[in-house]
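Participant: Protein chains in written order, with the working numbering: chain A, 1 to 290; chain B, 1001 to 1453; chain C, 2001 to 2269.
It is worth saying that the hints were derived from the structure and are not from the lab. Heads up, the beta-carbon is just placed ideally off N, CA and C, and yes, glycines get one too. Careful, some of the hints might be misleading.
Claimed, not checked - Where chain A lies over chain B, by a calculated footprint (3+ residues, C-beta under 8 Å):
{"hint": "1", "segment": "1162-1173"}
{"hint": "2", "segment": "1217-1229"}
{"hint": "3", "segment": "1257-1269"}
{"hint": "4", "segment": "1274-1287"}
{"hint": "5", "segment": "1418-1426"}
{"hint": "6", "segment": "1445-1453"}
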Amino acid sequence: MRKTGFLLKEEHSGYLMSLPYVVYFCLFVAFPLIFSFILVFHRWNIITPMEFIGLGNFERLFHDVQFFKALRNTVIFLLIHIPLQIVVALLFATLLSQQIKAKGLFRAIYFMPVIVSGVVVTILWMQLYNYDAGILNVLLSKLGLKRVPWLISPSWAMPSIAIMATWKNVGLYIVIFLVGLQNIPGYLYEAAEIDGASGLQKFFYITLPSLNSAMVLVIILSTIGGFSLFIEPFVMTGGGPMNSTLSAMLYIYNQAFYFGHMGYAATLGFSFAMIVFVVIIIQRKIVERK
Amino acid sequence: MFIVFLCDLVYNLNPISDSLIKRTMLFLSVLLFVVGCVRDVGDSTSEVNEVYLTYWCSPNQQEIELAQKVVEIWNDEHDSVKVRLQPIPASQSSEEVLLAAIAGGTTPDICSNMWPGAMSDFIKAGGLVCLDTFPDFYDVMLSRVPDDLLESFRAEDGHFYQVPWKCNPVMMVYNVKLFKEAGIEKPPATYSEFLAAARKISKDIDGDGKPDRWMGYRDIKPIWWQRLFDFYPFYIAATGGGTLFKKGKLILNNPAAVKVFSFFQRLYMENYFPRSTLQGDQFLAGNIAVQFSGTWIVSYIERFKREDFEYDIAPVPVPDDYRGPVYTYGDPKNISIFSTTHYPGYAWEFVKFLISKANDLALLRKCTQIPVRKDLVTDEYFKEYFKENPKIRKFAEQAPYTRGVDGVPDLKEIFHIVSLEYEACCIYGVKEPGKAVQDAERNAKVVMEWNRQ
Amino acid sequence: MKKFVVYLVLIVGGVIFFYPFLWMIMATFRSEIDIGYPGLFVKSLTLHNYEIVFKRIPILRALFNSLFVSLSVTASVIFFGSVVGYALSRLKFKIKGLILGVILFTMVIPFQITLIPMYILMVKFGWVDTYLALIVPGMISSFGILLFRQFFLDIPQDLIDAARIDGCNDFQILFKIFLPLSKPVMITVGIFSFMATWNDVLWPMLVIRTRELMTMPQLVTLFSIGGEAEGQLGPQLAATTLLALPIVVAYAFFQRYFIESMATTGLKG
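Hey, can you work out the whole structure from these sequences and the hints?
Facilitator: Next comes the structure, spelled out in structure tokens:
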């Protein structure tokens, strides 16, 4: 009885019910954050004692060619991935918002790659991209075109991964844009029609500006995705050819689990996270000002 | 990621009816039921009042079979000390697994897949039992391996933490028929002979404008240990048995290394080795003439080859001006006892059992790998086996002319750096070999400095 | 004419998004030599590729692991999400605002920062190679809490007051009154946490080394890049198909309902 009595007091049950989160937060959020901050100043391979090295890890970072390479690769990925994603998603979202039959079926199909695991998509596309026997190159050579060295040329490898990532995620963005399109009030278009606006004018002056918040979402999600790119290069290229697909996450993984540099890996994680923050804030500012 | 959208999707499901939920539940329970029926129940052997030793072996099929056999015999003979076998959990590399095991205190009692290149951290962390404290250590060791070989496994602190067990000398395995067809009578021994052979063998057979028969093939992913099977054995051969370090100093930037880089550069530039990922085993399919591999490949080939497949073994090629015995990388794997063990004495007994003559012969028979044992080829005990298996004999004869890796903590990173330069220079040809080797040494030194500052 | 172009583009898009999956499924029934054929036709049907997969890797065990882990995480996320969400939406207590702020804050922390310390935590807890490492860190989701909170905010206060008068405590109110009303949000949270756990491969790769404990994506990844597939395409694709299957089937279940409900409610773009 006393227990029920205790719970009857709103404040008490409030504390009790939020307790699980507090415990979880301390263990899996606060501790890792603090510990990450400690690691950044140490050299440690987990099994021997930690060594304090001050700003040594950051010094290393600033001289680390591979860190900048990973950063550059991420930028290349995003520069291809984001515009491609937006154009394709806009195209299909616009088409799907017309009066057509089997809308649900189309949407369901476009959404398929989103729901399956990245591992599935990666292994499947590795076969599609195979230089000698992959079906893309087989098709190209049947059409009398030259084979494309998808994953084996340093200049093609990252674009290939970006194309694959677009294929995988675009269904999600089609739906986001679709929701956005449905929320545009019809009278805007009617008014524009009365003013004699062309289809393109309507698209650029009404549709695009109304999709602004959807656009922000798409760009931010893609950016986070770009910085979390891991399984694709891990399975397909191991970061090669010539570091051209070395992604931020893959580099952290290598440093931590191949070479046992936990401190340096934490420093890398910390730095990439800061960069993600800054990039997203800048993107938001730019898109929202328009 | 999908979060935001999934909510949209799901809210669109309205009105949510009970039937949807029921259907979901049904679907999930059917799935769970199906899977629950099939899955195996795991090992439920847990007897009490007995000494148990956990033994980790390498996770490849043949070695697991060998270890099962050996452990079975041991358990039959010993009632009070039982050994439980577990293959090393699969991962990218065994070293990574051992590192996590030491950190988590979940190491086994004995492990027989210890790569000497990764030992120094394990020793520093106090993860291993010092073996020379066992009174009969030197007797057992010196009756098995030569003095200087044992010495090469002495740790920085002067003690021994590993028992030399087996090696897999990297040699050239070649397709006899392809060589004959191309008019090559004896296996190429030098770089120019190898290149000449490659020129004859690599071609475009079906005439679609791209080669479909190659001299050789290597995985080109820039993963550090891949270089242990192309660059490194050639480097050891070209330097006449040198390793990356001499008296604790990195000596990578030397003429032999440049020669190896130039050699591999030509192999890729002249399309004797493909850059693309080949599917299936093209060596067994007869589309690749040469493979560089350890002894284990013999049992692999024997298992999967077609009836008419002919192959033979030769030492790896050396630079044209090289004279002397041909050395190679030995890929040694040793046995260690971990300090988490409660019974170091029993563990040591088991280690001695593992390296007994009978079990060394079983290692040869089951896994076609070479036990590290002096006079292996001349010993009566193994004579019959080598008579039956002349190909393995070639590996056994190579075994004394092998080198391992330097026991420095940065070794993996140094190989990673070599890997990056190898990729730029040999595979993509965008760097001069001399420059690549020079850069590799410089970058390796920078990393070593970072790791010690 | 315009309609025609619209349909044409939509169908081409459909082919681009669907054909690779179809090709993959058909390719798994072909022998290794024919596998590079870009069409769907299977000359001589063989189950050999699947035989290899079932023989070499414990794929059914992995399926069980994936289901067990994902369902445990999902159940837990829903349970704790509703409990904490209830507290944050309907109860007054001192640190409520603080907790809400903290939750919003945790949602913007990129996982790159916490990944390494989390791994070390698992090692130090001795959770490496146990289900605990896969389940416990995912048991509570900030996003789940926020969704439940948002939903609970709209439930009328009268219901709570009435229950209080009947002598119900807050747990009883939550489980007897709120949860039966919250099926939509439960499904939302359920699907998103199930999918996130099911598809994750980086985390399992760090904390699980024993094959018997691996989740499906991890096992299939290691199968295809490790030596076990021996570079053969057929078994790799077969393993991949098996990995995709459960989710695609589940998707089909929901999708049918999705289309049905669109038709009945007359929801049109």
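Participant: Mind taking a look at whether chain A covers the segment 1162-1173 of chain B? Criterion is 3 or more residues with CB to CB distance under 8 Å.
Facilitator: The restraint on the segment 1162-1173 of chain B is violated, since only 0 of its residues have a Cβ under 8 Å from chain A and three are required.
Participant: Would you say the segment 1217-1229 of chain B counts as covered by chain A, given the rule of at least 3 residues with C-beta under 8 Å?
Facilitator: The restraint on the segment 1217-1229 of chain B holds, since 5 of its residues have a Cβ under 8 Å from chain A and three suffice.
Participant: Closer than 8 Å Cβ to Cβ for three or more residues is the test here. Does the segment 1257-1269 of chain B pass it with chain A?
Facilitator: Per the Cβ count (0), the hint is violated.
Participant: Taking a Cβ-Cβ distance under 8 Å as contact, does the segment 1418-1426 of chain B have three or more residues in contact with chain A?
Facilitator: holds (count 3)
Participant: Check, residue by residue, whether the segment 1445-1453 of chain B contains three or more positions whose beta-carbon lies closer than 8 Å to a beta-carbon of chain A, and give the verdict.
Facilitator: holds (count 4)
Participant: Test coverage of the segment 1274-1287 of chain B by chain A using CB-CB distances below 8 Å; three residues minimum.
Facilitator: holds (count 6)
Of the numbered hints listed earlier, those contradicted by the structure are 1 and 3.
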